[in-house]
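Participant: Please construct the entire structure, taking both the sequences and the accompanying hints into account.
Residues per chain are reported as follows:
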Amino acid sequence: MSVLSCTDLNVHIGGKAILSAVSLSIEAGQVTAVVGPNGAGKSTLLACLAGLREPTSGGTLLDSVPLSGMKSRDRAKRLAFLPQTPEIAWAVEARTLVELGRTPFIGARGQSEEDHTAVDRAMAAANVIAFEHRIVDTLSGGERARVLIARALAGEPEWLLADEPLTGLDPAHQLDAASLFRRLADDGVGMVVTLHDLSMALRMSDRIIVLAEGGVLADEPPATALSPEVLRRAYGVEATLTQGPGGPLIDVICRVPLPR
Amino acid sequence: MKPISRPLLYAGLLVLLVILSGISLIAGKVWVPFSAWTQTDIDPRWAIVFELRLPRTVLGILVGAALGLSGAVLQGYTRNPLADPGVLGVSAMAALGAVLTLYYGVTAYAPWALPVAAISGALIGVAILMLLSGSASSLVTFILAGAILNILSSAGVSLALSLAPNPWAVNEIVDWLMGSLADRSFEEVKMALPLIAIGCGLLLTTGRALDALTLGEIGARSLGISMSKTRWVLALGVGLAAGASVAVTGVIGFVGLVTPHLLRPLVGARPGALLVPSILGGAVIVLAGDILVRMTPAAGEVKLGVAMAALGAPFFLVLLLRLRRKIA
Numbered sequence: 000m001s002v003l004s005c006t007d008l009n010v011h012i013g014g015k016a017i018l019s020a021v022s023l024s025i026e027a028g029q030v031t032a033v034v035g036p037n038g039a040g041k042s043t044l045l046a047c048l049a050g051l052r053e054p055t056s057g058g059t060l061l062d063s064v065p066l067s068g069m070k071s072r073d074r075a076k077r078l079a080f081l082p083q084t085p086e087i088a089w090a091v092e093a094r095t096l097v098e099l100g101r102t103p104f105i106g107a108r109g110q111s112e113e114d115h116t117a118v119d120r121a122m123a124a125a126n127v128i129a130f131e132h133r134i135v136d137t138l139s140g141g142e143r144a145r146v147l148i149a150r151a152l153a154g155e156p157e158w159l160l161a162d163e164p165l166t167g168l169d170p171a172h173q174l175d176a177a178s179l180f181r182r183l184a185d186d187g188v189g190m191v192v193t194l195h196d197l198s199m200a201l202r203m204s205d206r207i208i209v210l211a212e213g214g215v216l217a218d219e220p221p222a223t224a225l226s227p228e229v230l231r232r233a234y235g236v237e238a239t240l241t242q243g244p245g246g247p248l249i250d251v252i253c254r255v256p257l258p259r
Numbered sequence: 000m001k002p003i004s005r006p007l008l009y010a011g012l013l014v015l016l017v018i019l020s021g022i023s024l025i026a027g028k029v030w031v032p033f034s035a036w037t038q039t040d041i042d043p044r045w046a047i048v049f050e051l052r053l054p055r056t057v058l059g060i061l062v063g064a065a066l067g068l069s070g071a072v073l074q075g076y077t078r079n080p081l082a083d084p085g086v087l088g089v090s091a092m093a094a095l096g097a098v099l100t101l102y103y104g105v106t107a108y109a110p111w112a113l114p115v116a117a118i119s120g121a122l123i124g125v126a127i128l129m130l131l132s133g134s135a136s137s138l139v140t141f142i143l144a145g146a147i148l149n150i151l152s153s154a155g156v157s158l159a160l161s162l163a164p165n166p167w168a169v170n171e172i173v174d175w176l177m178g179s180l181a182d183r184s185f186e187e188v189k190m191a192l193p194l195i196a197i198g199c200g201l202l203l204t205t206g207r208a209l210d211a212l213t214l215g216e217i218g219a220r221s222l223g224i225s226m227s228k229t230r231w232v233l234a235l236g237v238g239l240a241a242g243a244s245v246a247v248t249g250v251i252g253f254v255g256l257v258t259p260h261l262l263r264p265l266v267g268a269r270p271g272a273l274l275v276p277s278i279l280g281g282a283v284i285v286l287a288g289d290i291l292v293r294m295t296p297a298a299g300e301v302k303l304g305v306a307m308a309a310l311g312a313p314f315f316l317v318l319l320l321r322l323r324r325k326i327a
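Chains as they are written, first to last, in numbering that gives the first Met the number 0: chain A, 0 to 259; chain B, 0 to 327.
Don't take each hint at face value.
What follows is a set of in silico ranges between Cβ atoms, one per label pair, in the way DEER data are often shown [as the list claims (entries may be wrong)]:
hint	chain 1	residue 1	chain 2	residue 2	range
1	A	Val251	B	Lys228	46 to 52 Å
2	B	Ala309	A	Ile12	46 to 52 Å
3	A	Arg120	B	Ser4	23 to 29 Å
4	A	Arg133	B	Asp42	55 to 61 Å
5	A	Thr137	B	Leu131	33 to 39 Å
6	A	Ile12	B	Val17	54 to 60 Å
7	A	Arg133	B	Val14	31 to 37 Å
8	B	Val17	A	His195	57 to 63 Å
9	B	Leu192	A	Thr6	54 to 60 Å
10	A	Arg182	B	Ala309	57 to 63 Å
11	B	Leu322	A	Gly235	40 to 46 Å
No wet-lab data here; the hints were simulated from the structure.
Backbone N, C-alpha and C fix where the C-beta goes; we use that ideal spot for every residue, glycine too.
Facilitator: Put into structure tokens, the structure is as follows:
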């Protein structure tokens with residue numbers, strides 16, 4: 000099973016420590032959720048894990064090989080990244096957008112038969128075949144998000160790192176995306192997602208990493224990761240874990256001053 | 000507008016190009032029918048075709064191709080339909096380089112100095128553009144950097160004009176700045192052809208990167224595209240192609256802006272698919288403009304650069320209004 004790991008990762012921006020001494024080892028075949036308050040460094044961590052950001056010190060290893068030493072094309076074949084605020088610059092068809100996911104595989108000869116089938120499969124998995132030929136500008140936010148997920152899947156990556164993929168989706172589409180991520184993990188893909196919705200994190204992940212102030216506050220299975228103590232220290236809120244009819248639920252009671 | 004199939008688009012543009020090349024050889028103040036071409040010994044008009052109009056036509060194709068492609072690549076890279084070598088100040092920097100050689104009069108004994116200076120100007124222009132806009136090249140920084148380049152180079156040109164040693168130098172500079180294909184010979188073709196070919200060759204390799212940039216810079220990088228490599232290839236390609244064009248014809252604006260914009264809906268908006276059509280389309284537009292310019296009933300000849308600007312400015316305005324409506 001593929002392993003994505005980082006040791007003693009430090010990122011400083013303008014003298015400020017965004018991430019300090021983060022060490023993680025993440026296994027494929029699981030959904031790993033990264034949660035934490037705004038500004039905790041979730042996006043920065045994900046970008047470092049994806050090899051898209053050079054840390055101040057430390058580095059990311061994919062199966063013991065440093066990402067920084069890999070050819071960017073080889074890295075892109077194995078590891079897909081879904082940015083938080085995806086940009087779609089031109090009014091292209093949904094299918095054209097998904098085809099971009101094949102970029103690392105496309106040589107001078109253009110797309111092969113294999114590329115076509117991979118795109119078809121990705122579009123089927125993300126359930127976007129119905130609007131294959133629609134222009135992305137005319138899609139709803141939820142439809143566009145699914146097309147972008149299909150784009151990430153088109154490369155048939157071993158790893159999918161998604162920065163807040165559920166933000167901006169309605170509850171039904173959130174569930175769709177969560178179950179898609181679960182299916183991918185069951186197929187052996189390494190899923191790393193940053194999330195804001197803690198209840199969602201509890202229900203969809205196998206492991207929760209709580210980031211606060213640039214460091215790892217907790218790194219455990221969902222049942223134990225989000226203890227009231229961790230939530231108080233990370234978010235400055237009083238909250239309890241309850242069982243709702245649909246599964247575990249984080250009930251936020253009130254704000255408490257952050258311990259300094 | 001619906002995208003059309005690629006062979007159909009290429010064939011259509013090629014047919015247009017061939018027709019316009021034919022007209023370009025025939026049309027002008029003196030009409031030269033095909034019959035005159037073959038009877039070279041009795042009809043002296045063939046000289047007009049082969050000595051004057053043929054190089055003019057070839058140059059028109061070359062310059063149009065270079066500008067059209069540069070525009071398509073710059074628009075793809077900046078993800079902005081308002082970008083082109085003119086708007087971003089690259090052409091103006093090339094012109095400044097050329098004007099300096101005219102000002103110092105070095106072109107009289109070193110004819111290669113002007114193209115070298117123009118290309119250097121263009122390369123410096125693109126390099127400054129890349130430096131000013133930085134690695135996080137947002138649209139605003141790019142357009143602002145272009146505006147700075149335009150201001151800087153036009154100030155340089157004004158300075159050269161005001162300090163010009165004699166009226167002939169002023170005349171030469173002004174005449175050259177207006178941009179024209181008139182009275183060009185095969186000397187210019189020989190000079191521009193290899194440089195434009197290398198520049199276009201480099202630019203054509205950026206297609207995959209430009210496609211990936213549809214997803215923004217981080218999206219492209221996550222797909223394995225090296226941004227620094229793309230940036231350098233683009234800078235060198237635009238510098239050579241646009242610089243060599245300016246060197247042989249002066250500044251001809253708006254071709255790079257209009258061509259990709261007109262063709263974009265026909266290729267389904269994919270920036271990489273826009274490159275080859277923009278080469279053909281740019282050549283078509285410049286040839287058409289040059290033919291029109293030759294046929295205008297005027298004592299002299301309307302300069303191509305002036306005509307293009309006159310046609311291009313309203314186009315730019317419409318584009319801007321439409322863009323504004325889209326944002327609002």
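Participant: Does the hinted range 57 to 63 Å hold for Arg182 of chain A and Ala309 of chain B at CB?
Facilitator: 60 Å, holds
Participant: For Val17 of chain B and His195 of chain A, compare the CB-CB distance with the range 57 to 63 Å and indicate the outcome.
Facilitator: At roughly 60 Å between Cβ atoms, His195 of chain A and Val17 of chain B fall inside 57 to 63 Å, so the hint holds.
Participant: Assuming the hint says 46 to 52 Å, is it satisfied by the Cβ distance from Ala309 of chain B to Ile12 of chain A or not?
Facilitator: 49 Å, holds
Participant: Look at the Cβ atoms of Arg133 of chain A and Asp42 of chain B and judge whether their distance stays inside 55 to 61 Å.
Facilitator: Once the Cβ atoms are compared, 60 Å apart, the range 55 to 61 Å for Asp42 of chain B and Arg133 of chain A holds.
Participant: Would you say the C-beta atoms of Val251 of chain A and Lys228 of chain B sit inside 46 to 52 Å of each other?
Facilitator: The hinted range 46 to 52 Å holds for Val251 of chain A and Lys228 of chain B, with Cβ atoms some 48 Å apart.
Participant: Starting from the hint 40 to 46 Å, judge whether the C-beta atoms of Leu322 of chain B and Gly235 of chain A obey it.
Facilitator: 44 Å, holds
Participant: Measuring from beta carbon to beta carbon, are Arg133 of chain A and Val14 of chain B in 31 to 37 Å?
Facilitator: 32 Å, holds
Participant: I want to verify a distance hint. Is the separation of the beta carbons of Ile12 of chain A and Val17 of chain B within 54 to 60 Å?
Facilitator: Between Ile12 of chain A and Val17 of chain B, where Cβ atoms are some 57 Å apart, the hint holds.
Participant: So the hint says 54 to 60 Å: do the beta-carbon atoms of Leu192 of chain B and Thr6 of chain A match that?
Facilitator: Check passed, 55 Å falls within 54 to 60 Å.
Participant: Is 33 to 39 Å respected by the C-beta to C-beta distance linking Thr137 of chain A and Leu131 of chain B?
Facilitator: Holds - the Cβ-Cβ distance for Thr137 of chain A and Leu131 of chain B, about 36 Å, lies within 33 to 39 Å.
Participant: Starting from the hint 23 to 29 Å, judge whether the C-beta atoms of Arg120 of chain A and Ser4 of chain B obey it.
Facilitator: 26 Å, holds
Violated hints are absent here; each numbered hint is respected by the structure.
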